[in-house]
Amino acid sequence: MAHDTEFHVHHDSPEAVGRRERLGVRLLIVADGAFLFGMIFSWFYLRNLNTNQAWLPKGVHSFSTASGWVAAAGLIVAGIAHRIGEYNKAVRNATALIALVALLVGGYYQWHQMAHMPFVAQDADGRPFFNGAYASNWVLVAGANMFHYLIGAFVALGLVLRGYRTKLDPTLEEWRQRTAGSWFTWIAVSGILCALATSFK
Amino acid sequence: MTTLSHAPASSRPVPNPQKSLITKLNMGTGMVLGIIFCWGTYYGMKAGRDMTDSHNVNKVLLMSMFAWSVGFLIGIGAFIGPFRWLIGKDLTDEEQLYLAGDGQGISRYFKYCTDHKVVGIQYLVGVMALLGVGGTMAMMIRTNLATPGSHFVTPVVYNSLVGLHGITMIIAMIIVATGPFGNYIMPIMIGAADMAFPRLNALSWWVLFTAVPVLCSAWFLGGIPTGWTAYAPLSDQAGPGMNAFVATIIIFAFSTAIAGMNITTTVVAMRAKGMKWNRVPIFVIGATISVALAIPAFPTFMVAMIQTAMDRTIATSFYDANLGGSGWLYANLFWIMGHPEVYVILIPGVAALMEIAPVFVRKPLFSYNAAIAGFAGIAGLSILVWAHHMYMAGWMPSLNGPFMVTTEFISVPTGLLFLVLIGTMWRGRPWMKLPMLSVYAFIWDFLIGGITGIYLSDVPADNYLHGSMYVTAHFHYTLMGAALTGAIGGLAYWFPKMTGRMLNERGGYISFWFVQIGFNVLFLGMFIAGATGQPRRVADYAHLFAHANLISTMGAYSVGLGMIILLWAIIHSWRSGKIAPMNPWGAKTLEWTVPYPVPLVNFDTPPVVTSDPYGYGRSAK
Amino acid sequence: MSDHDQEVLPPTPGARVGKFLGRSDVRQTFILGLLYTIVFVVLGRWIYPHWMPRVLSKQMQANEDIMIWFTVISAPIAGVVLAIATKSFMNMHRGDTPPEEGIAIRTNTPVVIVWTATSVLFCIVAIVWGLVALNTESIAAATDAPKSIVVDVTGSQWAWSFYYPAQNIHTHTLNLPVNQPVTFNVTSDDVNHSFWPVQLGVKIDANRLVTTVAHADPTATGPLDVKCAELCGLYHAYMETDGAIQTPADFSSWVSSIQATGGVQE
Ligand code: HEM
Ligand SMILES: [Cu+2]
Ligand SMILES: [Cu+2]
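Residue numbers (this note's numbering), protein chains in the order written: chain A, 1 to 201; chain B, 1 to 621; chain C, 1 to 266.
Hints listed in this document are in silico derivations from the structure and should not be mistaken for laboratory results.
Glycine is no exception: its CB is placed at the ideal position from the N, C-alpha and C atoms.
Keeping only pairs whose Cα atoms sit at most 27 Å apart, straight-line, the calculated DSS-like set for lysine-lysine is:
1) A:K89 <-> B:K89
2) B:K89 <-> A:K167
3) B:K24 <-> B:K89
Every beta carbon over 10 Å from chain C, so not counted as near; a handful from chain B, in silico:
4) K24
5) G105
6) T143
7) M480
8) L561
9) I564
10) I571
11) A580
All chains should be modelled from the sequences, with the hints used to inform the complete structure.
Quick look at the structure:
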């Protein structure tokens with residue numbers, strides 16, 4: 001052994017690696033879920049307290065309920081598209097692309113909303129502020145959605161690009177489809193919960 | 001994803017993946033890029049902004065801090081793996097072997113190294129540095145409090161000392177056992193070749209690393225006025241130093257989430273053949289429950305910090321009552337994280353001592369099941385008790401009763417931990433080495449910490465004690481007396497495996513007594529001050545409390561001295577201590593079956609486990 | 001603890017317990033436990049109260065009772081733990097080689113059950129005690145409300161101010177008549193503070209734009225310290241004032257003296 005100048009790399013079975021990765025991602029989803037819980041808690045807690053009658057001060061505009069669901073639509077479409085591709089290998093390249101496009105379009109919509117918020121007011125010095133606790137919570141929820149769009153798009157882009165590679169281990173890639181499926185499903189669920197919360201104005 | 005070769009490192013050439021960027025990156029390139037990002041962001045954002053508006057100042061500072069962190073991580077190569085995944089060109093075997101630090105000697109400690117043993121040592125050194133910084137601040141706090149009149153520092157500095165001492169120590173304590181031992185020892189203990197996600201392991205450390213300069217920058221930005229709990233709306237009102245606090249926590253939360261998921265996955269999925277759940281060493285169980293509890297707990301703190309950041313930068317009003325916000329929101333989010341977190345800190349320390357006790361008493365661990373029930377019970381209950389920190393907040397007085405019930409019930413699983421330890425000692429003949437001494441210190445210290453917790457959880461008593469020095473004394477008994485004592489015991493125990501040398505015994509003993517006696521003097525004095533009615537976090541106090549405070553300060557200096565001796569013992573032993581045999585304590589867990597230096601893949605042949613590691617003792621008829 | 005101790009186990013549980021109690025190590029542990037228990041009882045019953053400030057209200061009395069009696073109740077449990085630890089410590093082995101193997105006791109189900117049951121019992125005592133105290137207090141707060149004297153308390157960085165609506169006086173010291181319940185309506189002008197009239201043994205946070213309520217029943221006259229128990233920034237340590245629980249006559253004359261100066265205390 002002492003003069004063995006060769007080094008070698010043992011591979012764990014792709015099955016084991018894939019399982020492990022999925023567990024890891026699911027644990028991260030738990031963490032993200034706790035984050036979502038914190039946001040929703042904030043939403044309803046402040047809404048309920050309505051300190052100084054300033055959850056939605058008089059005359060301040062809110063977003064329509066529908067717009068909240070539109071903002072979640074990209075996440076939902078991507079989630080469904082991915083699931084279809086996960087079970088039907090033949091259409092996988094196409095569904096991956098659909099997921100990617102849905103996430104990009106949805107992300108753009110979310111960004112557009114954030115750039116046109118109706119509840120930003122100006123103080124005496126002309127400096128902008130968020131008028132009320134609803135406004136504050138809304139922007140946090142939108143930001144979290146945006147974060148999901150970005151991470152989702154990264155994963156979707158990876159799956160699209162990897163779909164064209166041939167040198168990858170097929171078993172492991174199959175597992176990675178499932179792992180990504182956990183993530184896409186989660187961000188869709190999270191988008192739905194956010195849309196639900198934001199419809200309580 | 002791969003298991004690497006186990007031929008002796010010295011006999012192999014350093015792998016040299018051709019043209020690969022990863023061979024050129026290290027901590028230095030990370031620092032350079034981090035600083036460029038930071039300054040670029042700072043000057044770029046400052047230009048054209050009205051910097052008389054504190055919101056803009058906060059915006060610029062926060063973004064510069066995050067830019068530093070991201071720049072550093074890019075510079076050290078943290079994102080090469082994800083990028084290569086993205087484009088479908090996964091890292092080659094050769095590259096992975098290079099990342100594992102194979103044959104790279106000392107330099108791998110300064111690289112994005114995926115070997116769990118390297119990460120363990122990095123954490124160990126990092127923890128010691130944090131404890132050193134936090135401890136120095138503690139000495140300054142106690143010096144100021146030695147006599148009434150606040151002669152040593154100004155109130156601004158005092159408040160910053162209290163807050164930064166607190167958060168530095170909390171961060172240090174969260175990683176003190178799971179960082180070094182969870183990374184270095186635990187994978188070997190379960191017979192694994194590495195962690196489940198070696199690159200994420202490196203990531204968790206280097207992310208944490210980038211938080212340290214950010215935290216330190218608080219000093220140069222005017223300090224923080226809020227204490228470690230960073231209550232709102234005081235944090236909204238606070239000066240620029242507060243940004244450092246906020247950024248540190250957000251960065252740290254990423255690190256713990258990654259580390260927690262990595263450790264949990266490793267233990268769930270990579271145990272040696274035959275290591276059924278009832279054969280897993282108790283330290284592994286404890287560490288896993290601890291990090292698994294952190295995974296759902298910490299993100300609410302992240303939410304709270306992001307809200308703080310938003311209030312301070314873009315003028316939202318989460319905590320501004322004028323505009324519909326509430327400090328109670330912050331307090332809830334904080335303690336939903338905060339109470340589980342104290343057990344995240346406690347459990348690995350206790351678990352380390354449970355690993356130690358059977359070895360030195362030469363008896364099986366008493367009631368392995370009770371130990372697990374204790375840990376699991378604590379973890380489960382700990383998410384239902386957070387509002388015992390808010391009895392006097394007035395947020396919902398009708399919930400005080402229910403929260404009192406859940407809180408008091410935590411003493412049942414806590415009691416099981418005591419039972420396991422004293423049951424293990426019962427009729428034993430303990431080998432009084434340093435690690436075992438820590439077990440005894442733990443029993444005394446945690447007994448006091450736990451019992452005082454019971455008064456605090458009783459609402460009528462907390463009416464008086466809340467916000468007083470009594471609370472400070474309580475949680476130091478638990479955090480320092482229990483968790484840190486456990487971690488120091490763990491260090492004395494695993495030092496031979498981590499460094500190849502024995503920890504200097506005489507230095508260890510002297511330090512132990514200075515620390516433990518000093519510690520008890522320090523915090524018994526603080527119990528008296530609290531019972532007498534001294535609020536906590538005060539730079540100055542009435543003459544009534546003078547004796548108690550002077551006693552505390554004397555104790556603190558003794559702890560400080562003891563810690564310096566311990567540091568000396570560690571450095572001295574690491575460099576020139578007695579060479580350790582493979583299994584100096586005669587223990588039965590797997591880490592003692594591998595030589596030092598531990599081979600890259602830990603085991604020549606994957607071990608097979610046939611029993612739990614507590615088969616000590618002769619049978620009683 | 002010599003070997004022949006466990007050679008033959010007596011046939012009946014009763015005899016086994018008898019034999020167990022007869023063992024010398026068990027006896028020594030028992031004596032140690034008794035000593036520790038006595039130390040804790042003394043600490044709780046006689047030393048704690050000595051540290052705590054004068055009791056000026058029912059609430060403070062309730063606090064002190066808990067501090068005393070919880071210490072007394074937990075003394076035997078602490079005693080058992082410390083006695084076993086001490087006994088084993090005294091039996092230590094030193095040197096560079098491990099001691100001989102101990103006895104392979106993996107677990108002992110009756111012990112685990114008894115231990116758990118005891119701690120549950122202890123918990124229940126603590127909980128019931130706390131709930132009863134809590135309940136007594138909230139009933140008192142409700143029934144006392146009509147006869148209470150009301151004080152509006154405002155915290156601001158870094159001072160306390162008080163307004164007595166019925167008397168229409170603004171003060172910066174807190175004087176109260178003995179034997180009359182008091183209701184504090186507490187709020188803040190800025191960040192969170194925590195209103196703490198020390199010898200009354202109550203405490204409640206002060207929040208901006210919100211009123212929180214605390215209630216106390218002063219039972220004795222004496223000086224009162226008022227402190228802030230929530231870190232509130234730069235001069236938190238100095239956010240304190242004083243006052244007194246006074247006889248009704250003294251209180252009335254204090255009120256009149258302030259009313260005489262326009263209702264605002266100098
Ligand atoms: C028997 C178990 C315990 C009980 C019943 C208990 C109870 C409590 C209660 C009721 C408080 C709130 C006091 C107040 O602010 O008025 C408290 C504070 C605290 N406890 Fe414990 N505790 C226990 C164990 C622990 C452990 C094991 C740790 C840490 C390892 C810990 C760390 C803390 C900390 C850090 C605080 C104060 C946080 C702050 O306000 O800065 N406790 N404890
Ligand atoms: Cu707690
Ligand atoms: Cu204060």
